[in-house]
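Trainee: Sequence:
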Amino acid sequence: MTKPDAYKVSSVDIPEVVSRRKSIQSVEIGARVLLSLLKTDPGGSFLRDVAYHSGLSRSQAHRYLLAFVNAGMVEQDASSGRYSLGTLAVRLGLGAIATLDPVRIATRHLEGLLNELQTTGLLSVWGDYGPTVIRWIDGGIPLFTSMHVGSTLPLQASSTGSLFLTHCPPAQTRERIERERAKGIIVKDADLSKEIQSVRKLGYARTCGSVVPGLAAVSVPVFDSQNSLAATMSVLARSQDKTYFSEAKIARIMEAARLASEAIGWPGST
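Per this note's numbering: the sequence shown = residues 16 to 285.
The hints are simulated quantities; they were obtained by calculation from the structure and are not laboratory data.
Everything numeric in this text was worked out from a predicted model, so none of it was measured.
The reader is advised that the hints may include incorrect statements.
Unchecked claim - With a Cα cut of at most 25 Å, we get these calculated DSS-like pairs of lysine-lysine:
1. LYS198 <-> LYS209
2. LYS216 <-> LYS257
3. LYS203 <-> LYS216
4. LYS203 <-> LYS264
5. LYS209 <-> LYS257
6. LYS257 <-> LYS198
7. LYS198 <-> LYS54
Modelling step: build the complete structure from the supplied sequences, incorporating the hints.
Mentor: What follows is the structure in structure tokens.
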């Protein structure tokens, strides 16, 4: 099926400053190949799609993909043959995100909070596939979980997801909700609306065992200078410790997020 030209990767997708300088053409072409993987389905791209989106022949695209697979920038699914970004690409992307001032500031405040509370926590931002963990900070309480840096969290069943549902436009989150429901994570729209109302009223979200059995979490928003959600801080504890998230602790968690937001330039609630 012929795809519209709007989906092709062109020189405008590569920073203009690069095109103005003398550079290595093969590197620029390689960047087009990588960018093409961002413009297709999260399940991966077939060789024909990569070739089309990058403006290359299939044989050319295959040589670049093979080189990127060898370097860890790209992975190929053995059963489907589809290509997707690999672990090195994820590390580079997370490293780039981590250099942003809002992330460094939020991380510093979260580290101080977790050191004070002697527990574990994480920092998340909105990524290509939804809420994505970019910082995992171990604290005083050992918690056993498969979550790690790079993990994506569900919008419908996590405290982090509740914050993104509350503070991001529906146009940004709706597609992700539909993908989750197709995979069996289903929360009724009416219940999501109630959760959003609760988050707006309280200023935080909490869950207990819905994402990882045995873990409870309280998540708070970090806002930027435009009053937009820049990141979310989450503090974790064992679900069995019913008294851990006292009113005083939750107030302290919210204060840490407020201080981080103000340090980023948040003007305050209106």
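Trainee: Take the hints in turn and mark each one as holding or not.
Mentor: Hints and how they fare:
no.	hint	verdict
1	LYS198 <-> LYS209	23 Å, holds
2	LYS216 <-> LYS257	22 Å, holds
3	LYS203 <-> LYS216	20 Å, holds
4	LYS203 <-> LYS264	31 Å, violated
5	LYS209 <-> LYS257	23 Å, holds
6	LYS257 <-> LYS198	31 Å, violated
7	LYS198 <-> LYS54	22 Å, holds
Of the numbered hints listed earlier, those contradicted by the structure are 4 and 6.
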